[in-house]
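There are 2 protein chains.
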Amino acid sequence: MTEKKRGKALNLGESRILIAGAASLVGSHTADLLLEAGAREVILLDNFAFGSMDAIAHLVGNPRIKVLRADLMRLPDLLAATENVDGVVHLAAYMTLGFAQTPWQAVDVNIRGAQNMLEACRVNKVGKVVFASSNAVYGYGSGIHGALVENGPFHSEGAPPAAILYGVSKIMGEQLCRQYHQKHGLDYVVLRYSTVYGERQHYRAANSLYIMETYDRVKKGERPLLPGDGKDTKHFVHVSDVARANVAALGSTATDIAVNVSGPEPITTGELVKLVLDYCKSDLQPEVKPDPPDTVRLTSGGAFHIPHELAGREIGWQPEVRMKEGVERLLAWREAQEAG
Amino acid sequence: MTEKKRGKALNLGESRILIAGAASLVGSHTADLLLEAGAREVILLDNFAFGSMDAIAHLVGNPRIKVLRADLMRLPDLLAATENVDGVVHLAAYMTLGFAQTPWQAVDVNIRGAQNMLEACRVNKVGKVVFASSNAVYGYGSGIHGALVENGPFHSEGAPPAAILYGVSKIMGEQLCRQYHQKHGLDYVVLRYSTVYGERQHYRAANSLYIMETYDRVKKGERPLLPGDGKDTKHFVHVSDVARANVAALGSTATDIAVNVSGPEPITTGELVKLVLDYCKSDLQPEVKPDPPDTVRLTSGGAFHIPHELAGREIGWQPEVRMKEGVERLLAWREAQEAG
Numbered sequence: 368m369t370e371k372k373r374g375k376a377l378n379l380g381e382s383r384i385l386i387a388g389a390a391s392l393v394g395s396h397t398a399d400l401l402l403e404a405g406a407r408e409v410i411l412l413d414n415f416a417f418g419s420m421d422a423i424a425h426l427v428g429n430p431r432i433k434v435l436r437a438d439l440m441r442l443p444d445l446l447a448a449t450e451n452v453d454g455v456v457h458l459a460a461y462m463t464l465g466f467a468q469t470p471w472q473a474v475d476v477n478i479r480g481a482q483n484m485l486e487a488c489r490v491n492k493v494g495k496v497v498f499a500s501s502n503a504v505y506g507y508g509s510g511i512h513g514a515l516v517e518n519g520p521f522h523s524e525g526a527p528p529a530a531i532l533y534g535v536s537k538i539m540g541e542q543l544c545r546q547y548h549q550k551h552g553l554d555y556v557v558l559r560y561s562t563v564y565g566e567r568q569h570y571r572a573a574n575s576l577y578i579m580e581t582y583d584r585v586k587k588g589e590r591p592l593l594p595g596d597g598k599d600t601k602h603f604v605h606v607s608d609v610a611r612a613n614v615a616a617l618g619s620t621a622t623d624i625a626v627n628v629s630g631p632e633p634i635t636t637g638e639l640v641k642l643v644l645d646y647c648k649s650d651l652q653p654e655v656k657p658d659p660p661d662t663v664r665l666t667s668g669g670a671f672h673i674p675h676e677l678a679g680r681e682i683g684w685q686p687e688v689r690m691k692e693g694v695e696r697l698l699a700w701r702e703a704q705e706a707g
Numbered sequence: 368m369t370e371k372k373r374g375k376a377l378n379l380g381e382s383r384i385l386i387a388g389a390a391s392l393v394g395s396h397t398a399d400l401l402l403e404a405g406a407r408e409v410i411l412l413d414n415f416a417f418g419s420m421d422a423i424a425h426l427v428g429n430p431r432i433k434v435l436r437a438d439l440m441r442l443p444d445l446l447a448a449t450e451n452v453d454g455v456v457h458l459a460a461y462m463t464l465g466f467a468q469t470p471w472q473a474v475d476v477n478i479r480g481a482q483n484m485l486e487a488c489r490v491n492k493v494g495k496v497v498f499a500s501s502n503a504v505y506g507y508g509s510g511i512h513g514a515l516v517e518n519g520p521f522h523s524e525g526a527p528p529a530a531i532l533y534g535v536s537k538i539m540g541e542q543l544c545r546q547y548h549q550k551h552g553l554d555y556v557v558l559r560y561s562t563v564y565g566e567r568q569h570y571r572a573a574n575s576l577y578i579m580e581t582y583d584r585v586k587k588g589e590r591p592l593l594p595g596d597g598k599d600t601k602h603f604v605h606v607s608d609v610a611r612a613n614v615a616a617l618g619s620t621a622t623d624i625a626v627n628v629s630g631p632e633p634i635t636t637g638e639l640v641k642l643v644l645d646y647c648k649s650d651l652q653p654e655v656k657p658d659p660p661d662t663v664r665l666t667s668g669g670a671f672h673i674p675h676e677l678a679g680r681e682i683g684w685q686p687e688v689r690m691k692e693g694v695e696r697l698l699a700w701r702e703a704q705e706a707g
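Residue numbers (the numbering used here), protein chains in the order written: chain X, 368 to 707; chain C, 368 to 707.
Heads up, a few of these hints could be off.
What the hints assert, rightly or not - Per label pair, the in silico range of CB-to-CB distance:
1) C:Gly679 <-> X:Asp596: 47 to 57 Å
2) X:Asp596 <-> C:Lys656: 51 to 61 Å
3) X:Gly597 <-> C:Thr635: 29 to 39 Å
4) X:Gly552 <-> C:Lys691: 24 to 34 Å
5) C:Gly637 <-> X:Val655: 55 to 65 Å
As the list claims (entries may be wrong) - Below, simulated DSSO-like cross-link-like pairs (lysine-lysine); rule was C-alpha separation at most 30 Å, straight line:
6) C:Lys372 <-> X:Lys656
7) X:Lys656 <-> C:Lys550
8) X:Lys372 <-> C:Lys656
What the hints assert, rightly or not - Covered stretches of chain C, as calculated for chain X (at least 3 residues, CB under 8 Å):
9) 531-538
10) 541-554
11) 603-611
No lab work stands behind these hints: they were computed from the structure. Virtual Cβ for every residue (Gly too), placed ideally from N, Cα, C.
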């Protein structure tokens with residue numbers, strides 16, 4: 368057995384943790400868990416371009432919470448923000464839609480923004496960085512099938528430019544982490560989230576819209592739409608599991624490694640629609656909707672799944688929330704919101 | 368047979384062409400060929416951070432040549448430089464060594480610099496952009512073997528961060544071209560150069576140093592060094608062939624496509640050392656030099672080659688200079704330099 372490289376493990380009960388891109392689904396759940404773990408202070412950094420005060424409203428006023436409006440493109444802001452900080456969870460990023468609509472900002476934030484944050488962490492000797500990456504580093508298209516393991520290549524055949532730009536921007540962020548580790552000894556863990564869903568879901572992530580759109584149609588009495596044959600694979604992960612992975616990575620001795628963070632099992636789009644219909648106690652039949660001829664879809668080459676065993680070994684994490692429970696929790700939250 | 372997409376072909380005899388990163392090996396040879404083809408004006412843009420006036424000294428004074436000191440990071444400079452320009456050859460980039468030593472500048476130039484240039488081309492309705500990419504978009508390590516075809520994935524297992532950063536920066540440049548084509552109709556051809564070598568060789572590209580270093584040792588009467596077993600594959604392309612590919616791409620109707628630009632055949636490091644020894648009429652025996660244990664080398668998973676048939680079909684180009692001739696030309700130039 369080869370010796371694993373070991374780095375700094377934070378004692379969360381004594382730590383000040385900064386979350387970048389905190390006013391978000393993953394950010395707010397991570398802050399909740401850090402407070403539970405006894406963190407001395409949790410700094411919620413966001414420029415509120417996409418982040419919303421709604422996502423963190425329940426945290427504001429807590430004496431251990433500090434909300435900080437700052438922008439990743441201003442290194443001096445980050446140098447100030449990371450003073451005496453023990454750990455950083457770097458979530459802030461544009462996704463595929465951002466690379467399609469606002470590619471200048473997306474390049475800024477995902478690459479230079481990550482670089483600025485790593486530089487600030489180096490200067491202020493931050494003990495541990497958790498960098499939020501994505502299964503987008505495996506790419507799209509015909510090459511995507513079977514197990515997407517951590518040392519696999521990036522596929523792009525047939526994918527639209529914005530999706531490829533997003534994927535390689537995440538590869539770049541990961542490699543900037545590696546470079547800071549090699550050059551400066553900065554400890555980091557890359558977590559490659561699969562499609563995140565859950566309570567406080569926003570409407571910005573293309574993939575996770577699926578559950579919400581189906582629910583909205585069923586509530587209006589319309590048949591849910593099933594693009595293709597309903598056999599497309601999705602591999603979601605519930606936001607509470609993602610938050611636990613972030614906290615586990617901060618508290619583990621793992622360093623200089625990238626691990627998948629995925630849910631217990633993949634699901635087909637057909638099964639997913641069925642879960643929503645079951646939740647709604649609806650007997651509507653899904654309507655198969657062929658794609659218009661010029662549609663660009665982020666399809667795979669066949670059934671795939673995203674193993675998370677490496678995360679188990681490296682940071683002692685495994686997912687807990689199965690799709691049925693997760694969809695129920697998300698939709699119950701949605702109903703409570705509507706009931707207002 | 369499917370219809371190929373067709374775009375703007377420049378009539379070179381009536382064109383003004385801008386070369387970005389022109390004070391370079393590829394830039395100067397491309398300018399030579401454009402003058403031969405009768406171009407009205409050739410604008411040699413460089414910030415001279417790495418570019419050298421030596422490389423373009425033979426062109427200065429030609430009334431059809433304009434030397435322009437400008438920086439890719441200043442969009443206003445590029446907006447001015449591309450006014451009334453018909454075609455752009457975008458060469459300016461940092462390579463792997465740059466991503467290791469100066470990652471901030473490398474990110475700037477390879478990503479934002481490319482984006483700035485594409486934006487300037489959009490605004491000034493430039494007819495055709497040739498974007499210099501690299502076989503680095505196929506990556507490194509165990510995944511690299513056999514034919515590296517244009518729709519292949521990016522491999523990174525075992526590669527150092529700087530090499531991966533360089534490779535994905537080129538993927539990003541390519542995809543920004545695609546995005547400008549899809550959004551704004553900008554015509555472009557991506558040329559993925561393999562390892563360029565030839566007269567006016569600089570000492571900045573890690574791979575092509577091989578020929579020069581072997582030559583230097585032999586000239587000093589020292590046995591040439593052969594890392595590993597001499598069976599590593601290299602696939603070079605002579606700079607005169609690269610220059611012809613640039614000109615062919617400008618003059619072709621090809622658009623929205625990426626093609627390999629590689630030499631007639633790959634070569635092993637052992638065969639390459641032999642070519643240099645033959646040129647020097649030396650009977651020195653290569654010395655096999657095992658790598659030190661912590662060496663990070665950009666190796667492949669086995670013999671590979673980079674097919675260029677797609678370039679033949681798309682831009683009517685194929686390489687002409689075989690390794691023996693190319694090495695002889697390079698070393699004859701080197702000897703003439705030394706003779707001064």
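Tested hints:
1. Our hint of 47 to 57 Å for Gly679 (chain C) and Asp596 (chain X) is violated, since their Cβ atoms are close to 39 Å apart.
2. In this structure the supplied range 51 to 61 Å holds for Asp596 (chain X) paired with Lys656 (chain C), their Cβ-Cβ distance being about 57 Å.
3. Look at Gly597 (chain X) against Thr635 (chain C): about 51 Å separates their beta carbons, and that is not inside 29 to 39 Å.
4. Between Gly552 (chain X) and Lys691 (chain C) the Cβ separation comes to about 47 Å, which falls outside the hinted range of 24 to 34 Å.
5. About 59 Å separates the C-beta atoms of Gly637 (chain C) and Val655 (chain X), a value consistent with the hinted range of 55 to 65 Å.
6. Of the pairs offered as hints, the one joining Lys372 (chain C) and Lys656 (chain X) holds, with about 29 Å between alpha carbons and a cut-off of 30 Å not exceeded.
7. The hinted pair formed by Lys656 (chain X) and Lys550 (chain C) meets the criterion: a straight-line CA distance of about 27 Å does not exceed 30 Å.
8. Note on Lys372 (chain X) and Lys656 (chain C): the hinted pairing holds, with a Cα-Cα distance of about 29 Å set against a maximum of 30 Å.
9. Counting residues of the stretch 531-538 of chain C whose CB lies closer than 8 Å to any CB of chain X gives 5, so the stated coverage by that chain holds, three being the minimum.
10. With 5 residues having a Cβ less than 8 Å from any Cβ of chain X, the stretch 541-554 of chain C passes the three-residue criterion, so the hint holds.
11. For the stretch 603-611 of chain C, the stated coverage by chain X is not satisfied: 0 residues place a CB nearer than 8 Å to a CB of that chain, which falls below the threshold of 3.
Taken one by one, the earlier hints fail for this structure at numbers 1, 3, 4 and 11, listed in ascending order.
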